[in-house]
Structures are given as structure tokens and as C-alpha cells.
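K.L.:
Based on these hints, arrange chain C on the given structure of chain Z.
Order-wise, the sequence lines are chains Z and C.
Residue numbers for the first sequence follow the numbering used here, beginning at 1 and rising by one.
Residue numbers for the second sequence follow the numbering used here, beginning at 1 and rising by one.
Each hint should be verified, as a subset may be incorrect.
To be verified - Reference excerpt, derived from the structure (chain C facing chain Z, CB under 7 angstroms, subset only):
| no. | residue |
| --- | --- |
| 1 | Leu54 |
| 2 | Pro57 |
| 3 | Ser59 |
| 4 | Gly60 |
| 5 | Gln63 |
| 6 | Lys67 |
| 7 | Lys78 |
| 8 | Ser82 |
| 9 | Ala88 |
| 10 | Tyr92 |
| 11 | Gln97 |
| 12 | Val101 |
| 13 | Ile104 |
| 14 | Gln105 |
| 15 | Arg106 |
| 16 | Gly107 |
What the hints assert, rightly or not - Here are the computed lysine-lysine pairs in the DSBU-like style, where the Cα-Cα straight-line distance is at most 35 angstroms:
| no. | chain 1 | residue 1 | chain 2 | residue 2 |
| --- | --- | --- | --- | --- |
| 17 | C | Lys111 | Z | Lys83 |
| 18 | C | Lys181 | Z | Lys3 |
| 19 | Z | Lys3 | C | Lys67 |
| 20 | C | Lys178 | Z | Lys227 |
| 21 | C | Lys246 | C | Lys181 |
| 22 | C | Lys181 | C | Lys111 |
| 23 | C | Lys224 | C | Lys238 |
| 24 | C | Lys238 | Z | Lys227 |
| 25 | C | Lys30 | C | Lys111 |
| 26 | Z | Lys153 | C | Lys30 |
Since the hints were made in silico from the structure, they are not lab data.
Since the structure is predicted, the reported quantities are computational estimates derived from the model, not experimental observations.
Where a beta carbon is used, it is the ideal one built from N, C-alpha and C, also for glycine.
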Amino acid sequence: MTKVIRAEIYKLFHSFYLWGIGLGYLLVTTILVHDHIDEMSYLRSGMYPIPFMLFFIIALAIVMIGNEFDQRQLQGYIAAGHKRIEVFAGKLTVYLSGSVGIMLVTLLIDGLAGLLIRGEAIDFGTILFLIPSFIAIAVVPAFFAFVFKDIGKTLGSGLVSFVLMILSLNTAGISDKAVYLPYGHSLLGYSEELIPEDRTWLLLIDLVWIAVFVIGSYIAVRRSDLK
Amino acid sequence: MESIVMETKGLSKKYRQTLALDNVSLKLEKGKIYGFIGQNGAGKTTLIRMITGLAFPTSGELQLWGKTGDKELQEQRKRIGSLIEGPALYPYMTARQNMEVQRIQRGIPDKSIIDKTLELVGLSDTGRKKVRNFSLGMKQRLGIAAALLNTPEFLILDEPINGLDPAGIVDVRNLIKKLNKEYGMTILISSHILEELYNTATDFIIINKGRILEELSEAELNAKCKQHIEIRTMDTQKAIMVLEQKLHTDNFKIMPDNTIQLYDYLDELETVAGALAEEKVLVIGLNVTGDTLEQYFLNKIGGASND
Numbered sequence: 001m002t003k004v005i006r007a008e009i010y011k012l013f014h015s016f017y018l019w020g021i022g023l024g025y026l027l028v029t030t031i032l033v034h035d036h037i038d039e040m041s042y043l044r045s046g047m048y049p050i051p052f053m054l055f056f057i058i059a060l061a062i063v064m065i066g067n068e069f070d071q072r073q074l075q076g077y078i079a080a081g082h083k084r085i086e087v088f089a090g091k092l093t094v095y096l097s098g099s100v101g102i103m104l105v106t107l108l109i110d111g112l113a114g115l116l117i118r119g120e121a122i123d124f125g126t127i128l129f130l131i132p133s134f135i136a137i138a139v140v141p142a143f144f145a146f147v148f149k150d151i152g153k154t155l156g157s158g159l160v161s162f163v164l165m166i167l168s169l170n171t172a173g174i175s176d177k178a179v180y181l182p183y184g185h186s187l188l189g190y191s192e193e194l195i196p197e198d199r200t201w202l203l204l205i206d207l208v209w210i211a212v213f214v215i216g217s218y219i220a221v222r223r224s225d226l227k
Numbered sequence: 001m002e003s004i005v006m007e008t009k010g011l012s013k014k015y016r017q018t019l020a021l022d023n024v025s026l027k028l029e030k031g032k033i034y035g036f037i038g039q040n041g042a043g044k045t046t047l048i049r050m051i052t053g054l055a056f057p058t059s060g061e062l063q064l065w066g067k068t069g070d071k072e073l074q075e076q077r078k079r080i081g082s083l084i085e086g087p088a089l090y091p092y093m094t095a096r097q098n099m100e101v102q103r104i105q106r107g108i109p110d111k112s113i114i115d116k117t118l119e120l121v122g123l124s125d126t127g128r129k130k131v132r133n134f135s136l137g138m139k140q141r142l143g144i145a146a147a148l149l150n151t152p153e154f155l156i157l158d159e160p161i162n163g164l165d166p167a168g169i170v171d172v173r174n175l176i177k178k179l180n181k182e183y184g185m186t187i188l189i190s191s192h193i194l195e196e197l198y199n200t201a202t203d204f205i206i207i208n209k210g211r212i213l214e215e216l217s218e219a220e221l222n223a224k225c226k227q228h229i230e231i232r233t234m235d236t237q238k239a240i241m242v243l244e245q246k247l248h249t250d251n252f253k254i255m256p257d258n259t260i261q262l263y264d265y266l267d268e269l270e271t272v273a274g275a276l277a278e279e280k281v282l283v284i285g286l287n288v289t290g291d292t293l294e295q296y297f298l299n300k301i302g303g304a305s306n307d
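With the rest of the complex left out, here is chain Z:
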């Protein structure tokens, strides 16, 4: 698996996809953050747009997974003798590092902006706590990419999941429902409803989401015929 991860990292550093998507994510977040900084801290304002930025993560899943199935680049690993589980784990690890990295770095920059501009303390505890939620958010488009193994259907299903997420966040009593949705956890953080007593429960929910979508993704590639 190390060889797959090394090759994936080499590719990341020689493509503009990750950096372009990361930069786009940061720029759009920076604009959205300004809607809330009058009422709350930069860090909490930075938590608000996280669910809405999912389309950037969908784009990353498309270029890193869907596109590579489409172009038969992932198949090349298997033909070279790597076990499917190694290819899957290597690819997912690098994709999750990239997507979670984008979300995390952006949030840290928001916190840093608050510290530098208004002297706000950075709540590292909450940031760290949100990492499993970020992973749970990112595994959903990855799941679609591993299931459909192309660009079009990954994009289509990713957008459907995005719309469903937006709709779910606009229903009545979202604060109660948000507990069960990883993308809702950042909203709980934003509205200061992320109380310490709930954190174990929220973490467990994130882990269940991660387990379901990771196992589902692996089942989709384990014995499937690849073009």
C-alpha cells in the first residue's frame, strides 16, 4: 500500500486539481464567512459554510477517483499486481487527506484570521472534534465514485446528495436532526450547540457514517469487473 500512497502523493504534487479546488474552497469560504463575523467569532463563522462547500469535495472525488477509473489509471495499479484492497485503501487515504486537509486548513485560516484581527482564541478542541465529521462528509462522494467508477454518474449522484443535504438543513427542527448528520455537526458548532456531553455520541455517529460508506465503497470495488 505504501507504493500506491507514494505514487498518489507524487501525482497530487504534480497536478493542480487539489490546489485549485483547495484555493476555490478557501476563497468562497472567505466570502461566506463575512456574512456572520459581526455576530460571532471568525472560527464559528467559518463552520457555517462547511456543508454548503460539499460541491468542492464532490469535485475532488470526481477528479481523484471517478476520473481515474474513467481513464483506467486506477486499473493500472491492479494490472501491476497491487491487491485491490491496497489500491482502494491507498487511494482513499490520499483522497481523504486532501479533502479533510482542505476543510481543516480553511477552518484554521478562519481561526487564525480571528486571532490576528480581533484577538479571538482559537478553539482547537472543536476543530479537532470536527475532523471525524469532515471525514464522514468526504466519504460520501468517494462512495459514489467507487460505485459508479466514472465522472458523469459520480457528479450526478454527488449533486443529488448535495441537494438532499441542503434540503435537510432547511427543514424544521434541524438542530435535533443535525446530531445524526456529519454535515450538521459543523452547524452545531456554528450555533454553539456542540456541547461537550454530546461529543461522544456525535463521534460515534461520524464513525458509523465512515464505516458504512467505506465498507460500501470497498464492496463496490472488491470483486467488480473494471473496464
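P.N.:
Then chain C, alone, in the frame of chain Z:
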């Protein structure tokens, strides 16, 4: 057992209602160049996908160097280099960077192998040019280079000369022969350009509708494609009677299109013409010829279609 690189026993693959491979039993011996011939959809790529681990058989067994079972097969695939249905390259990288990805993922410590392999396929001077700006032929060469990076014992090339210009085709042919001769590499090539396969391969496998129709060596093919007199007539039965009764020969074949291939009297065309004329057999074509691989293949699958 190492002399047999790959063996399939009753390998079948079914996609819903379509039988893509039907009970394929095949042995590939070390050091030979196999030309894999078949129409589109005949099952060539399906078999190649199974060999390279991209597809799983519905039934039957696949062995690589005598080993079978998912885990063992995957381990043996490290000894294979492949180019399947066009090269899987990263368009935003240069040729060297593409090769570096392959080197890293195959765990090859020697970086100089990249230069050597690029030189081998004539791509050593592409510099910083991105692969997205390469011609089809250059991409194909790079795909071949990527397949060769680990100096494989078994090289699988699916349509390797697609997009190559005539000089490029000759280069690839010479490269394949060189790899086979110098490294003893076993090579399986599928191509629609049968003339080119004929010039490259030492053995031929003909597949049609998922079934192996024939495996034959170059010598066997040459014998089957040997020189003959081709007789085209409106009355095949009467012509056969003349050949048997007047010329006293049964060394001929009737082809699916009703032409007769006569393997005797090659230097006595006028004798044959005279005998047929004497019996008032209307001949519309009479000439000495030999089959090309293409004709042989068409006859073969034509025969199979008539089955």
C-alpha cells in the same frame, strides 16, 4: 511449469445474457510472441482483462506461472507489463513524470530505468512537454514504455500500434522482436492489423464469439497459407470432378465462398486451365496465389460462422 507462462482451463465469462468467453482453454509458452486475432467483441480484451486482474471469470481457471487463486495470481501479475485499450496516462504530466509514477508504484529503486525505457521507445527528447500535447502515436509509445518499465517477463499489448505512423509501426515491431530475443519476453499482442501481426508473431491464436478457433505456430500458418491455384467457377461440382478424374488429384480445398484452392499443378496452370476447358467448365478466375493471414482469418471465421 515455468515454461508455461499462462494457462486457462475452461475459462468462461458471462455478462448478463452475453457469453463473452466460452470455455477457453489456452497455454502460452515462455519466449513466444503470440498474435491474438479476433473481430471486435470476439473476447480478446475480456481475456486480457482477466489475465491482468481487471475482470473475474464466471467459471474455469486461470494460471500464471503455474499459480492460481486470487492472492497468488495477483502476486504473479507483478511479472506482467500491459497496455490495454490505449495508454492510461496522466495528461497534466510530462513523459518522465508519468514514468516516475509507474516507477514509484512498482517500487523500482533504479531511477535510470526511466531514461533507458524512454529511449527504447524513442521518447527521450520530449522534455517538459505535457502528455496532453502528445500525438496519438507518442501517447501509444509512452504507454508501451510504461508497460516495459519493470522489464516484464510477460508483456500484454492490446492494439499497441493504434495511432502509429508507418515508421512507428516498424519501430514497435522491431522493439517487440528485440524484447523477445534479448530478454526472452513472452508477448501477447492483439491487433486489427493482421499483416503486422503476421510480421511480428511466432504463434497465432484465433478467437471468435468467445471461443478459441485455432492455435497455430508460424510454420503451421505458413503451411496452411501455402501457395495454391485459386479456381473461381460458376460450377464448382463439375470443376471438382475434373480435378479428381482428369488431373487425378484430391489435394484441394473448397472455401466458404465456393472457390477451389488447388495445391498441385502450381507450375502447370495451363494444364489445369486446359482440363477445365475441355470439360466446358466456365472458369471466371484462375491464378496462383497464397493466403495472407487476413484471408486465412476470414476463411476461418467464415467457416465458423457457417457451423
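K.L.:
A separate judgement is required for each hint: does it hold in the structure or not?
P.N.:
A quick look at each hint next to the structure:
no.: 1; hint: Leu54; verdict: holds (4 angstroms)
no.: 2; hint: Pro57; verdict: violated (10 angstroms)
no.: 3; hint: Ser59; verdict: violated (15 angstroms)
no.: 4; hint: Gly60; verdict: violated (15 angstroms)
no.: 5; hint: Gln63; verdict: violated (16 angstroms)
no.: 6; hint: Lys67; verdict: violated (12 angstroms)
no.: 7; hint: Lys78; verdict: holds (3 angstroms)
no.: 8; hint: Ser82; verdict: holds (5 angstroms)
no.: 9; hint: Ala88; verdict: holds (4 angstroms)
no.: 10; hint: Tyr92; verdict: holds (5 angstroms)
no.: 11; hint: Gln97; verdict: holds (6 angstroms)
no.: 12; hint: Val101; verdict: holds (5 angstroms)
no.: 13; hint: Ile104; verdict: holds (4 angstroms)
no.: 14; hint: Gln105; verdict: holds (4 angstroms)
no.: 15; hint: Arg106; verdict: holds (6 angstroms)
no.: 16; hint: Gly107; verdict: holds (5 angstroms)
no.: 17; hint: C:Lys111 - Z:Lys83; verdict: holds (24 angstroms)
no.: 18; hint: C:Lys181 - Z:Lys3; verdict: holds (31 angstroms)
no.: 19; hint: Z:Lys3 - C:Lys67; verdict: holds (24 angstroms)
no.: 20; hint: C:Lys178 - Z:Lys227; verdict: holds (30 angstroms)
no.: 21; hint: C:Lys246 - C:Lys181; verdict: violated (50 angstroms)
no.: 22; hint: C:Lys181 - C:Lys111; verdict: holds (25 angstroms)
no.: 23; hint: C:Lys224 - C:Lys238; verdict: holds (25 angstroms)
no.: 24; hint: C:Lys238 - Z:Lys227; verdict: violated (53 angstroms)
no.: 25; hint: C:Lys30 - C:Lys111; verdict: holds (28 angstroms)
no.: 26; hint: Z:Lys153 - C:Lys30; verdict: violated (43 angstroms)
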